[in-house]
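J.: As a plain string of letters, each chain reads:
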Amino acid sequence: MESEEKKGSRSFSAWDTTIAFLSLEILALVSFGLGGAFGIRVFDILGFFIGILAFGYARNNFNIKANLKWLVPVGAFFVLLGFSAFFYKYYGGLQGGAVSVIISFLYLLLEALGLVGFFLLGIGMRAHPQIKKEYILYGLLGGLALYCVVVGFYSLIRYGFFYAAIFRDLVYYYQGVLYPVDVEGKALLGFAFAETSLRFACLPAFVLACSGVGLLRMNPKKDERKFFLLLTLAGIGFLFLVLIPAWQQLVLLAGVYAFFGIYFFLRFLGGRNENHKVYWNRAYMVVYILFICVVAFIAFALVTEGRLHIIEKLFTAVLGRVPMTVSTAIQAVYDCVYNGAVNADLHKFNFVSFLFGLNPSGDAITIHATRFFEINILWQNGFLAFALLCFLICFYVKKEKEYLRNANKDEFPFRLSIVAMMLGIFFYQSIFADELPLIHGNEFLPFTHGNIMLLMAFLMGISYEPETKKEVVLSE
Amino acid sequence: MNKRVILPLLLSGLALSACTDTAQLYNPRDYLSGTFVEHCYNVWEGKTKEAHEVVSYSKDLDQLPYDVDLSAKGYFAGSGLTGQENLRACYGYGQALRYHPDYFKNPKGETLLWGKEGVSDIVPGEIGGWADNSSLYDVIYSQNKRLDRRYEKFSRGFLSKFYNGQIKCNGWSYYAMAVLSTDGYGTMFPYELEHSDYFAMAILMGTDEEASARVAVADIDVTFYKYSDSGTSLIGYQVNLNDVNLSCNNGSSNTSLVGFTFADAGIDSKGIVGMSMNWSLVEDPSGAGDDFDAEGYHDGICLYEVFFPDSTWN
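If you're matching them up, the sequences are chains P and G in order. With our numbering applied, the first sequence covers 1 to 476. With our numbering applied, the second sequence covers 1001 to 1314.
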């Protein structure tokens, strides 16, 4: 009997170890971006199955019924990121017969399954008894760091140190075309290096550098090994940005650190002030006001039917010109609602394209690709996905605060790193999104179908605070 | 080795490494000007200038007769204005096609086109922007023969515009070509030529004289360079193309294919590592001259493309 228990225990442990290994492995490989676009599709399906298995560890502490009201919008958002009219047609659906339809459908299915899987993987790994929480972070950061080291060395060899500053305003010729060198960088796409925009090339390094926020609440004397490990990993990302130097990204990085500085300040005030909720309410208020501004901006674009003359006057008065990114964003919103496709009849409301994304015919991608991933989701995935995104932004502001509040002292720095990376990805893609990043090519690389989006789904899962306490009290 | 030395050495090694992508940088206004003569490109790379002064081999070639005479030796070239075909037909291409039809076939055995109505020689992308031209590889001659298609290093540098398959302005204006004064230019190739049957280039006579389209006549010297046995100096092999007829118009982009076989020139193509080109004006009915420093109107050769078709390089 005793030996059977031992045997059973050993068997269970082996299973745990296998799941733990697979979870960490896939997390690191996706962070590295192994295999490029094709690799991501493979990791989509692997991530889904491993995510399902890993989620099993969360069942005991996870009341699905109580969390369903939150899980449904999250799941629906991921499904809509995969299944959209835009991507269905983009991958060949409705164009080339049954085979194209099946391939297109499979692409969308894999994308949706991958996002759901990585979300569940996040929840599951957090509950896994054998995985130390910091190992999850190191697995994730290790993949990103390896990517940054490989690409960073290649970039140094090809461009040299500080090339964006030294060669500012200089150009090179490639196949007879003139390109400025200070706005491009190197990226590893699949198994080949490619010249991309700096905005695209710096995203992994930026996310890596954001993880250093955890250091702000770590004691280097007490946790020397952990401190220097995280310092090294985050330092690789920071060094990647500095050696270019990517000024805009560094400024945004400072913004992320400043954000957490304000957060610590509010926590500090909250600890001394009995009415500390007032401060949090004010902080929430800022987020909600910003959110309302975005909604108002879109509503304005709709009401004006895409006519830019009022906004043009506004920007001209303040900046002296209308930034191309602004007019592109408004045009994308307008076309999403009224046109349904580029060059279609004006002022004709297209229900399908409004809800599920534009028709990718003609120059739809080059015309509408903006620097704002929220707007890109609107025209690529439709209003339903966009509305869910808006909801999830507000929802996760609250969830992340709970996630940090519920951390014990040891876990807090790592949770900080997790939240900082999420926030970093969100900020970065809200300003620097680039889905047509290739300098010597025109391939479309949507953010929502890339490895960083899978990591975002994972981070959303791992930082999801399940609603279990009320249920426990009721059952008692 | 002292560990403290390793890191600085590594960093120094990186700093001194190729930096391939920043090795050939330019001011965006270099060789680009609204004024014709200021657009001039007259750089002689490496030791090409010195080698050009003392060429060890020189061969004069006249234009091939228009009617096919396979025993004739000469260059193919010229504007249709002086031949039997009209200006837009590119007489030089037509002449080369008559003499060497095998040079102008795609893998399917179909004849490659110089241009095509509604297709042009490049994919109509953004002016001055990169575009995927692979759809024209088996259709258009220049896209099929472009050097950067098979040899990546030809893609880099200012002179990459000579190897990208673009043989007309297509609205790109000065971005598409380089204006050569009589000083000419010299370049070293990123590879060593193993074999090529013939050499060709897409050129026209540019001008700042605004008279109507005309034909200008020029003597063009093309020099190829190989390394000497010691490998320290260059040896020049010059081919003099006498009385080349070129269409001339201040806004024209009707280039001609001008070239010759290495057999006709008496040169073994193996081992060529560089080339240069210079020219002198023989005649322009409008009275424009070839001296860019002189008063009045000027003529200059506009070089769009350099071909070593179907060549192999090491």
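Fair warning: there could be bad hints in the mix.
[Stated by the list, open to error] Have a look at the derived ranges for each label pair, beta carbon to beta carbon:
(1) Phe191/P with Thr1020/G: 33 to 39 Å
(2) Tyr257/P with Thr1232/G: 37 to 43 Å
(3) Ser1280/G with Lys313/P: 57 to 63 Å
(4) Phe191/P with Ser1233/G: 39 to 45 Å
[Said to hold, decoys possible] Simulated coverage check for chain P against chain G, where a stretch passes if three residues somewhere in it have a Cβ under 8 Å from a Cβ of chain G:
(5) 167-176
(6) 431-445
[Stated by the list, open to error] One side of the interface only, derived from the structure: several residues of chain G facing chain P at Cβ under 8 Å:
(7) Cys1019
(8) Gln1024
(9) Tyr1026
(10) Pro1028
(11) Tyr1031
(12) Thr1035
(13) Ser1058
(14) Lys1059
(15) Asp1062
(16) Tyr1066
(17) Gly1128
(18) Ser1134
(19) Ser1135
(20) Asp1138
(21) Val1139
(22) Asn1242
Since the hints were derived computationally from the structure, they do not count as laboratory data. Computed from a predicted model, the values in this text were never measured in an experiment. Glycine included, C-beta positions come from ideal geometry on N, C-alpha and C.
J.: Give a verdict on every hint.
T.: Each hint tested on the structure:
no., hint, in the structure
1, Phe191/P with Thr1020/G: 33 to 39 Å, "20 Å, violated"
2, Tyr257/P with Thr1232/G: 37 to 43 Å, "57 Å, violated"
3, Ser1280/G with Lys313/P: 57 to 63 Å, "59 Å, holds"
4, Phe191/P with Ser1233/G: 39 to 45 Å, "42 Å, holds"
5, 167-176, "holds (count 9)"
6, 431-445, "holds (count 4)"
7, Cys1019, "4 Å, holds"
8, Gln1024, "6 Å, holds"
9, Tyr1026, "6 Å, holds"
10, Pro1028, "5 Å, holds"
11, Tyr1031, "10 Å, violated"
12, Thr1035, "19 Å, violated"
13, Ser1058, "31 Å, violated"
14, Lys1059, "31 Å, violated"
15, Asp1062, "32 Å, violated"
16, Tyr1066, "32 Å, violated"
17, Gly1128, "6 Å, holds"
18, Ser1134, "11 Å, violated"
19, Ser1135, "13 Å, violated"
20, Asp1138, "19 Å, violated"
21, Val1139, "18 Å, violated"
22, Asn1242, "30 Å, violated"
Of the hints listed earlier, those the structure fails to meet are numbers 1, 2, 11, 12, 13, 14, 15, 16, 18, 19, 20, 21, 22, in rising order.
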